[in-house]
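Chemist: The residues making up each chain are set out below.
2 protein chains.
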Amino acid sequence: MTEQIKKELTGWVHAHREYGINLLQQLVQQDSTQGNEQDAQRLVADILRGMDLEVDIWEPGGEELSRHPDFISARENFKGSLNVVGVLKGQGGGRSVILNGHIDVVPAGDREQWANHPFSGAIIGGRMYGRGVTDMKGGNVALLLAMEALQESGIRLKGDVIFQSVIEEESGGAGTLAAILRGYRADAAIIPEPTNLKIFPKQQGSMWFRIHVRGRSAHGGTRYEGVSAIEKSMLVVEHLRKLEEMRNKQITDPLYENALIPVPINIGKIEGGDWPSSVPDLVKLEGRMGVSPEETIDEAQTEMTRWLAQLAAIDPWFKTHPPRLEWFGARWLPGSIPLGHGLMNSLCANFRDLIGTDPVIEASPWGTDGGLLTTAGGIPAVVFGPGTTEMAHFPDEYIELDHVFKAAEVIACTLVDWCGVAQTNKAGRKSDDPENAIH
Amino acid sequence: MTEQIKKELTGWVHAHREYGINLLQQLVQQDSTQGNEQDAQRLVADILRGMDLEVDIWEPGGEELSRHPDFISARENFKGSLNVVGVLKGQGGGRSVILNGHIDVVPAGDREQWANHPFSGAIIGGRMYGRGVTDMKGGNVALLLAMEALQESGIRLKGDVIFQSVIEEESGGAGTLAAILRGYRADAAIIPEPTNLKIFPKQQGSMWFRIHVRGRSAHGGTRYEGVSAIEKSMLVVEHLRKLEEMRNKQITDPLYENALIPVPINIGKIEGGDWPSSVPDLVKLEGRMGVSPEETIDEAQTEMTRWLAQLAAIDPWFKTHPPRLEWFGARWLPGSIPLGHGLMNSLCANFRDLIGTDPVIEASPWGTDGGLLTTAGGIPAVVFGPGTTEMAHFPDEYIELDHVFKAAEVIACTLVDWCGVAQTNKAGRKSDDPENAIH
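These protein sequence lines map, in sequence, to chains A and B.
End of the first sequence = 439 in the UniProt record's numbering, gap-free, step of one.
End of the second sequence = 439 in the UniProt record's numbering, gap-free, step of one.
Wrong hints could be hidden among the right ones.
Given that identical chains are not distinguished, each listed pair holds provided it fits within a single copy or across any two copies.
Claimed, not checked - Straight line, CA to CA, 16 Å or less: simulated EDC-like cross-link-like pairs of lysine to aspartate or glutamate:
| hint | residue 1 | residue 2 |
| --- | --- | --- |
| 1 | K89 | E152 |
| 2 | K7 | E152 |
| 3 | K284 | D274 |
| 4 | K79 | D39 |
| 5 | K79 | E18 |
| 6 | K198 | E390 |
| 7 | K6 | E152 |
| 8 | K158 | D187 |
| 9 | K284 | E271 |
| 10 | K6 | D31 |
| 11 | K249 | E18 |
| 12 | K79 | E63 |
| 13 | K89 | D70 |
| 14 | K198 | E294 |
| 15 | K319 | E54 |
| 16 | K158 | D31 |
Simulated from the structure, these hints should not be mistaken for laboratory data.
Kindly generate the complete structure, drawing on both the sequences and the hints.
Modeler: Next up, the structure:
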């Protein structure tokens, strides 16, 4: 019986390739950078309504959100930035699932570096191009196609499927946190971020830090009378490299096998000094610290604080001028789902079935909203989606269209396994059979 | 006879302490930062006219200046910024001298860091405070007092004394270059920059450089897929440190004995990366390369260019991504006067005589307009003045007032030795004796 259902679902997805491509193109053509998500979200809401889902649209805000310990945002409010949730209500007695995707995309950057307009949605050789097409509108469309396949095939599930199109993932997850606080919970979650169809039961968390390294100014002609904050910052960078090495030596989980550095410490920005002829007295380093799913944000922060304190033993300058560490800006919580979790099993089995190979199971090198779902919502999340992160955040971002449909098929079949089938109706949702109608 | 003259000169300076302090205070109270030199220069011109000198005031400009190989300036023109020259014409048959001081001062910087207003000219415990008081209005007043002592004492010299109050020294020397091109030449020059009464027969030149270090961007979570321009820039900084070491090993002149690094390479500024979570793909280093009086600007530039090319042997990354070097902004030519030069001898002898100790003779760790006088004008220059560079360019800049008068006395007596005495007139310049009148 289930095999027959799965054949129907994959058949539907296969038959609606053009429809799916159009949908993705429309979504990509909506510039949904931070603060501009409204039009894209309206489009998503229309699609959900078209599927007869219960649709909930709201502007995140309020004290419960802003005072939540996991809340982080540079925005004062989310005026005009809407969250959209559509619920495919189950018939009862089954396990529920959250399908979570973010609508926000990072800025397009320098237009000149794009071959086509960043929001063109141009299709060339089986790939669609555009900002956000891989991160993560392709994944979102895979979710929508999976749900629509269920609806159109007249398959009623036992458990609820809660689709979430959230804002702010790229800036710390306030959208997903708001959805949790609005009461949306489920037994597990799937997040189709661009894993290149790998399955990520663990996600690396991360957070930003800033380190102020002091020097002492002097004229460049007698630079030996000063202390160069640039030279001292080199010692700090070196010291952080050793912390990274030490932290990563402790990680033995085979899920990180393919990651040269499972939880890297990246120095992304440096800025110091203000005059070529002066010895610089201050350098600011900004970076991202990876957080393993086996530790908390607090533990990682404490470790770095203690590590930097050891600089005093390396150079007496740091005894009197300890670098100042601050945590600022974005933060993504690490997340994980047990390897033997039922959702993992369904996902892997369907992957094998439909793709024909064993899935690659790894830990993700970046955070997703899955960390928030796990930590703040108690909802274990797995990350699996089309697209590759190599393309995310860069000019000429693209997605292999085939992968969108493959992901949609795998996810649709996984929903069937996880939520359980209550009823089927060959005629699909357009049937007038009152027994199959949605209430 | 000369001993008697010198006694008169020092007596005059001694007797006019209050007058000199007032003069310095008035000058300091005129904010003469770049573009605002006019009021201070008018004051200087009035003083020169009061001494019955031939006064020449002009706005530097024209193609001869801007096309000169030693011209460097970020300004498009010098509108409103005047050069002032006053000539104390000799009676003939003597050696001439240029007394060169700059009127421009560097910006006051953060007002909050000053105990008093930056242009207060406040006097506390024998020190006067204010932006430019040590760099170099104190030196300029020493020159004016030296000349006035001669005039008021009725001493007529054989050689010309050409006093120059120039603009733009802090920005590459366009003011002094303009004075050279206007035809002002002499057998030697004295520049009373703040040497703390040391005598600097050699002056370090310097120039600014910028180095672009490339990396390859990647997401910070997989930073090992990228190449950090920050890490590569650390190799460049280290490599430059070795160039500095090598260059300074070659300097054996005892004049540099007290300089830990005779011609330093200072990295004053660093800037790179634009996102904490990204691997930075570009770092820009800006610095100042010291140029020894034994080499030319061109030679030093070529040495650095060749040195950077060797980075390819240290790290293959630089083979495909060589750092890009550019010379920009300010530049000060090195300068020198032979140790046995007559002006040096007079200066040292008068120093011993009046201060009572052997003068400290060193090479300066910074450039002055003396480099231009030597290179573009063929005029050997010695630097000797009150004030210390530790104070220059910093908040609460001050000068020991005693040193201004000591410098004035030494310089006045040196002028007598160098230019030679033509006539004396006890009654001073106010005498009606036509024989002693200035024509």
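Chemist: Hint by hint, say whether it matches the structure.
Modeler: Outcome of the hint check:
1. K89 to E152: within (15 Å within a copy, 105 Å between copies)
2. K7 to E152: Within one copy only: 13 Å inside a chain, 112 Å across chains, cut-off 16 Å.
3. K284 to D274: For K284 and D274, both the intra-copy (12 Å) and inter-copy (12 Å) Cα distances are at most 16 Å.
4. K79 to D39: within (14 Å within a copy, 54 Å between copies)
5. K79 to E18: neither (35 Å within a copy, 68 Å between copies)
6. K198 to E390: within (14 Å within a copy, 62 Å between copies)
7. K6 to E152: Intra 13 Å, inter 110 Å, cutoff 16 Å: intra-copy only.
8. K158 to D187: Answer is within; shortest intra-copy Cα gap is 13 Å, inter-copy 103 Å.
9. K284 to E271: both (5 Å within a copy, 10 Å between copies)
10. K6 to D31: neither (35 Å within a copy, 83 Å between copies)
11. K249 to E18: neither (48 Å within a copy, 73 Å between copies)
12. K79 to E63: Cα proximity of K79 and E63: one copy only (15 Å, versus 58 Å across).
13. K89 to D70: Classified as neither; 29 Å inside a copy, 80 Å across copies.
14. K198 to E294: neither (21 Å within a copy, 65 Å between copies)
15. K319 to E54: Result: close neither inside a copy nor across copies, 61 Å intra and 60 Å inter.
16. K158 to D31: neither (36 Å within a copy, 81 Å between copies)
When held up to the earlier numbered hints, the structure conflicts with 5, 10, 11, 13, 14, 15, 16 and fits the remainder.
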